[in-house]
Amino acid sequence: MAAFTYAPAIVLLPFVSFLVALFAGDRMPKGGALAGIAATGGSLLLSIWVTLTVAGFTGSSTSYNEFVYTWVAGVDSIALRFGLLLDPLSALMLLIVTLISFLVHIFSLGYMNDEGETGLPRYYAGLGLFTASMLGFVVANNLLMAFTFFELVGLCSYLLIGFWFREDGPPSAAKKAFLVTRFGDYFFLIGVVGILATFGTGLFAPIREGGDVVAQSFPALAEQAVVNGATEGIAMLDTIGMGAQAWFTVLGVLVLGGVIGKSAQFPLHTWLPDAMEGPTPVSALIHAATMVAAGVYLVARMYGFYAISPTALAIIALVGGFTALFAATMGVVKQEIKQVLAYSTISQYGYMMLALGSGGYVAAVFHLTTHAVFKALLFLGAGSVIIAMHHNENMWDMGGLKERMPVTYWTFLSGSLALAGIVPFAGFWSKDEVLYEALIHGLGSSGGLGPAYLVAYAMGLLAVFMTGFYTFRMVYLTFHGEPRSDIARDPVEVGWNVKGPLSVLGVLAATVGLINMKPVAELTGAHIDFLHAWLHGPDEGGWPAQLGTGLVRYEETLLHDVAGVSAGYPLGEIGTLLASALLSLALAVAGVLVARSLYGGAEPVEHTDKLGNAKTLLMHNYYQDEYQVWLATGFTYPVARAMDKFDQGVVDGVVNGVSSVSLFGSSRIRKIQSGVVSNYATLLTLGLVLLLVVFGISGGWF
Amino acid sequence: MAIPAEYYLLLSAAVFCIGLFGVLTRRNALIFLMSVELMLNAANINFVAFSLQHGNLTGQVFALFGMAIAAAEVAVGIGIILVLYRNFTDVDVTKATTMRW
Chain A
260 MAAFTYAPAI VLLPFVSFLV ALFAGDRMPK GGALAGIAAT GGSLLLSIWV
310 TLTVAGFTGS STSYNEFVYT WVAGVDSIAL RFGLLLDPLS ALMLLIVTLI
360 SFLVHIFSLG YMNDEGETGL PRYYAGLGLF TASMLGFVVA NNLLMAFTFF
410 ELVGLCSYLL IGFWFREDGP PSAAKKAFLV TRFGDYFFLI GVVGILATFG
460 TGLFAPIREG GDVVAQSFPA LAEQAVVNGA TEGIAMLDTI GMGAQAWFTV
510 LGVLVLGGVI GKSAQFPLHT WLPDAMEGPT PVSALIHAAT MVAAGVYLVA
560 RMYGFYAISP TALAIIALVG GFTALFAATM GVVKQEIKQV LAYSTISQYG
610 YMMLALGSGG YVAAVFHLTT HAVFKALLFL GAGSVIIAMH HNENMWDMGG
660 LKERMPVTYW TFLSGSLALA GIVPFAGFWS KDEVLYEALI HGLGSSGGLG
710 PAYLVAYAMG LLAVFMTGFY TFRMVYLTFH GEPRSDIARD PVEVGWNVKG
760 PLSVLGVLAA TVGLINMKPV AELTGAHIDF LHAWLHGPDE GGWPAQLGTG
810 LVRYEETLLH DVAGVSAGYP LGEIGTLLAS ALLSLALAVA GVLVARSLYG
860 GAEPVEHTDK LGNAKTLLMH NYYQDEYQVW LATGFTYPVA RAMDKFDQGV
910 VDGVVNGVSS VSLFGSSRIR KIQSGVVSNY ATLLTLGLVL LLVVFGISGG
960 WF
Chain B
8 MAIPAEYYLL LSAAVFCIGL FGVLTRRNAL IFLMSVELML NAANINFVAF
58 SLQHGNLTGQ VFALFGMAIA AAEVAVGIGI ILVLYRNFTD VDVTKATTMR
108 W
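Residue numbers (the numbering used here), protein chains in the order written: chain A, 260 to 961; chain B, 8 to 108.
Worth flagging that the hints you see were computed from the coordinates, not collected in a lab. Check the hints yourself; a few may be wrong.
Said to hold, decoys possible - On the chain A side, residues computed to face chain B include the following (Cβ under 10 Å):
1) T875
2) M878
3) H879
4) N880
5) Q883
6) R929
7) V936
8) S937
9) N938
10) G946
Since the structure is predicted, the reported quantities are computational estimates derived from the model, not experimental observations. By construction, the Cβ of each residue, glycine as well, lies at the ideal position given by its N, Cα and C atoms.
Next up, chain B with everything else stripped away, as it sits in the complex (with noise of 0.2 Å):
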C-alpha cells in the first residue's frame, strides 16, 4: 500500500515554505544557510516522489546529486560566513551592504 504522490508534495512544499519563511525573516548568516538547505531538501522530496510515482531512478539519481551538491554549498557557505565574520565581526546579512551602489 503505498502512500499517494500528493501527501509527499505536500511535505515537500511544507518544508521549503519553512525553508523560504527562514530565509526572508532571519537575519544570522548560518540559520540564512539552514534554510536553504532545506529548500533544497524539499527539491529533492520531489525528485524520489516523483520517481516512485513513475517507476524510473533517474530521480533518486538526482536526489544523491543534489544532495552532494548541498554539501559543497555548505563548505562554500561556511567559507563566505567565516570571511563574512571577519570583516564585520558579526554574521547579520543585513550588515554587510558595502557592496551596494
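Chain A with its partners taken away, still in its complex shape (with noise of 0.2 Å):
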C-alpha cells in the first residue's frame, strides 16, 4: 500500500529534474545531467518497489486505480482528472522507461557532455520532461489524462529531434515528426472526444471502493452494450443510429490514428526515419525504447474496447503485419546505420501491432519488453560506434571495429541475435510468439478474421527473413572486414559512461526473454511462462476482478466469446507450437546466412545494384515521402486556397459589400447637411408640410 502512496512521485521526480535543468542547469556540474541520472534513479527504485507489491510481496493489495488531482472540475460534464492506475501491465511498463530512461542518462553522459556538446541544461531539461511525461502517459487511469501525456511525449521529441536547430537537417525533421503524429493524433483526439461523448467517462478500469463499483469503466461499459445489450445511459448510440459494436469499431479505429501515428505504422512511419536526426540516446529512448511504444501500449491498455470488435482487431492485425514487412524491406538497403535501426523499430512494432489485432495481448507485451530492451541496446551501441567514427553513420566508411571497440561489438551482437530472433536471445522467444499468435488464431477464427490474420502471418513470416538479413547485414559491415576508412582504422576510446549501460543491456537482450519461455514450458510442463502468469493474475478474485483488466477476461471471454478469435492447431498444440518456432528460427538463419555470405568477406561489397529497379523503389523507401509531400502539396494545398478563396471572396464580400452599400449612402447623404441654418429651416417646414398634407389626406380633411 504504502508503494502506492509514493506512486505519484515515479512521475514528478524526473518533472522536477526538468526543472532543475532548466533553471539552474548552466550552474551544476555536467548541465543537470547528475539531477536527471538521480531523478531516473529514483523513478527506477520506487518502480521496483510497485512492481514488487503489485505482485504482492510487500502485502495483499495488488493493484491501485485512484483519482489523485483534479485538474478541472466540471460542472454537470466530464472533468479532466489525473489518476494512477497500476496493474501488472503499467507497473512493468514503469520498469522498463525508468530502466531505459537512467541508462540513457548515463550514455548521455558519453555521448553528450564527454562530446563538448553546448545546450546540454536544454538536452537534459527535454529528457526530463520527457520521462515525466511518458511515466505519467503509463500510469494515466483515464483517456483524457492519457492524451494529454500523449501530446506532452510528442512535443518532447519534438524538441529533442530538434536539438542541434543550428544545423539543416534536425528542425526539418523535428517538424515533420511533430506534424505527421499531429496528423494521427487529430484522429486520436476526434476518438477521445467521441468515447467521453458515448460513455461519459474515459475510465480505463472501474473504480472500487469497499467492493462496489463507484465509477464504472468505459471498456466494461461497451462490453455490457454489446454482450448484453444493455445500452440505457449511452444516449449517444441512439443519435448516431449505428448498432453498439459498429459505432464502438468506429471510435476504436479513430484511437487507432493516434496509434499508428505514434508507433509508426504504416501509412504515417515517414516521420520515424527522419527523427534519427536527433542525438542517438534520444533515438534510443524516445524513438525506440519507449515513446514510440506509446502507441502500442495504448492499445494494450483500452484492450478491452478493442476486443470486442473483430473488425478493429484485422484492421490493427493487418496493419501491423504489412508495416513489419514494408519496413523491413526498405531497411535492407540502407547505407547509415541508423536509418537501418529506424526501420528495424517500425518492422518491430508491426509485430507488436499485427500480436494485439491477432490476439495475442501477452506476445504483443512480451515483444514490447524483449524490443525495449535490445533496440535501446543497438541504439546505444550504434551510438558508441558514433562517437569512435566522428559521427560518420555511413556503415560503407566502417568496417573492422569488432577488435578495435570489442565491448561494443559483443553488446551489439547480443541485441542485434535478439533483434534477427536467434535462439535463446530475448527477441526469438517474443517474436516466435507474436507469429504463433498470429497463425493459430489464423488458423481457428472463423469468418474473414482467419484469413486476415493468415494474410498478416505470412507477411510477418516474410519479415522474419528480412530481419535477419539487414541486422546481420549491419554487424558485417560495421564490424567485421577490414576497415574501409581511417577513421575506420583508429577509433575513439569510448568511456565507462558509454560501456556500462551497453552491458547492462548487453546482458538483459540475451536473458530477458527468459520472463516467457513459452515453447520450453509447453514442452516440459514447467510454470516458466513468468509473463503469462504476471498479466494472468490469480484466477479468482485479486486485481483481474477488480479492474477487469486481467487475462482471463481478455482472451477467454472477450476476444473468444464476442469477437471470435479461437485457435485451431492442426499439429496438435505442442506440435504447432514447435513448428511456428522452428519455421520463424529457420528463416531468420537463413537470413543470417545470406547476409554472412554476401557481406561477411573481408572486402564486401555493394550488392544493392543485383535489385534492379527494386533498388531505386527501396532507396525511395516506395516514394512514401513524395506521395505524402504531393498530398499536401498537390492536393490539401489547392482546396484550402479554394476555400480561402471562398472565404475572402463570397463570406467576407457579403460583408465587405454590406458595409461599402452603407459607406456610399452616407457619404451621399450627408451632402444634406449643409451647416446653413436657413436650410435647416426648409427641410423642417417642408417636412411639417409634408406631415400635414399626409394626416390632412389619411384623416379626410380633402
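Each chain sits in its own coordinate frame; assemble them with the hints.
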C-alpha cells in the first residue's frame, strides 16, 4: 500500500529534474545530467517497489486505481482528472521506461558531455520532461489524461529531434515528426471526444470502494452494451443510429489513428527515419524503446475495448503485419547505421500490432518488453560506434571495429541476435510467440478474421527473414572485415559511461526472453511462462476481478466469445508450437547466413544494384515521402486555396459589400448637412407641410 | 359683441407665415431673430384667442409665459449674434457653416 502512496513521485521526480536542468543547469556540473540520473534512478527504485507491491511481495494489495488530482472540475460534465492505474501492465511498463531512461541518462554523459556539446541544460531538461510525460502516460487511469501526456511526449520528441537546431536537417525532421504524429493525433482526439460523449467516462478500469463500483470504465460499459445489449445511459447510440458494436469499432479505429502515428505504423511511419537526426541517446530512449511504444501500450491499455470488435482487431493485425514487412524491406538497402535501426524499429512495432490484433495480448507485451531492451541496446551501441567514427554514420566507411571496440561489439552482437530472433536471445522468444499467436488464431477463427490473420502472419513471417538479413548486414558491415576508412582504423576510445549501459542492456538482451519461454514451458510442462502468469493474475479475485484488465477476461470472455477469435492446432498444440518456432528460427538463420555470404568477407561490396529497379524503389522508401508531400502540396494546398478564395470572396464579400453600400449611401446623404441654417429651416418646414398633407389626406380633410 | 375666434386664428396664421417667410428668405441674423419673435407671438395670439373662446384663464397665463420666454430667447439670441459677428465679422447666417461635416 505504501508504495502506491509514493507512486506519483515516479512521475514527479523526472519533472523536478526537468525544472532543475532548465533553471539551474548552467550552474551545475555536467549541465544537469546528475539531477536527471538521480531522478530517473529514484523513479526506477520506486517502480521496482511498485512492481513488487503489485506482485504481492509486500502485502496483500495488488492493484491501485484512484484519482489523485482534479485539474479542471466540470459542472454536470466531464472533469479533467489525473489518476493512477497501477496493475501488472503499467507496472511492467514503468520498469521498462525508468530503466531505459536511467541508462540513457548515463550514456548521455558519454555521448553529449564528453563530446563537448553545448546546450546541455536544454538537452537534459528535454530528457527529464520526456521521462515525466511518458511515465504520466503509463500510469494514466483515464483516456483524457493519457491523451494529455501522449501529446506531451510528442512535444518532447519534437524538442529533442531538433536539438541541433542550427543545422539544416534536425529542425526540418522535428517539424515533420511533429506534423505527421499530430495528423494521427487528430483522429485520436476525435476518438477521445467520441468515447467521452458516448460513455461519459474515460476510465480504463472501474474504480471501486469497498468492493462496489463507484465509477465504471468505458471498456466495461462497451462490453455490457455489446454482450448484454445494455445500452441505457449510452444516449449517443440513438443519435448516431448505429449498432453498438459498429459504433465502438468506429471509435476504436479513430483512437487507432493516434496509435498509428505515434507507433510509426504504415502509412504514418515516415517521420521515424527522419527523427534519427536527433542525438542518438534520444533515438534510443524516445524513438525506439519508449515513446514509439506509447501507441502499442495504449492499445494494450484499452484492450478490452478493442477485443469486442473483430473489425478493429483485423485492421490492427493487417496494419501491423504489413508494416513489419514493408519497413523491413526498406531496412535492407540503407547505408546509415541509424537508418537501418529506424526501419527495424518500425518493423518490430508492426509485430506488436500484429500480436495485439490477432489476440496475442501477452505476446505483444512480451515483444514490447524485449524490443525496448534490445533496440535501446542497439541504438546505444550505434551511438558508441558513432562516437568512435566522429559522427560518421555511413556503414560503408566502417568495418573491422570488432577488434578495436570489443565491448561495443559483443553487446551489439547480443542485441542483433535478439533482433534477428536467434535462440535463445530475447527477440526469439517474443517474436516467435507473436507469430505463433497470429498463426493459431488465423487457423482457428471463422469468417473473415481467420484469412486476415493468416495474411498478416505470412507478411510477418517473411519479415523475419528480412530482419535476420538486414541486422547481420549491419553487423558485418560495421564490425567485420577490414576497416574501410582512416577513422575506422583508429576509432575514438569510448568511456565507462558508454560501456556501462551497453553491458547492462547486453546482458538483458540475452536473458530477458527467459521471462516467457512458452515453447519450453509447453514441452516440459513447467510453469516458467512468468510474463503470462504476471498478466494473467490469480484465478479468483485479486486485481483481474477488481479492474477487469486480466488475461482471462480479455482472452476467454472478449476475444473468444465476442470477437470470435479462436485457436486452431492442425498439428496438435505442441506440434504447432514447435513447427511455428522452427519455421521462424529457420527463416531468421537463413537471413543471417545470406547476409554472411554477401557481406561477411574481408572486403564486402555493395550488392544492392542486383535488385535493379527495386533498389531505386527501396532507396526512395517506396516514394512514401513523395506522395505525402504531393498530398500536401498537390491536393490539400489547392483545396485550401479554393476554400480561402471562397472565404475571402463570398463570406467576406457579403460583409464588405454591406459596409460599402452603407458607406456610399451615407457619403451621399451627408451632403444635405450643409451648415446653412436656412436650409435646415426649409427642410423643417417642408417636413411639417408634408406631415400636414399626409394627415390631411388620411384624415379626409380635403 | 365679440369678434369670432376664426378672425384671431386667421390673424395668427398670417403673422406666423410672415415670420416663417422671414426665416426662410432672410440672411441677416437680426431679421432672423425678429421673424422668430413673430412666430412666437402668433402662438401667443392663439393662446389668448382660445382662452377667450373657452372662458378659461389658463391660455392667458401661458401667453404671459410665452412672452417671458421670448424675452429670454432674445437675450440669448443677441448674445449668439454678437459672437457670430466677432467670429465671422458679419451677421449673415449662411456664412457660419464651419460646424458641418
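Of all the hints numbered above, which does this structure not satisfy? Sort the numbers upward. As far as the earlier hints go, 1, 2, 3, 4, 5 and 10 are violated by this structure, in ascending order.
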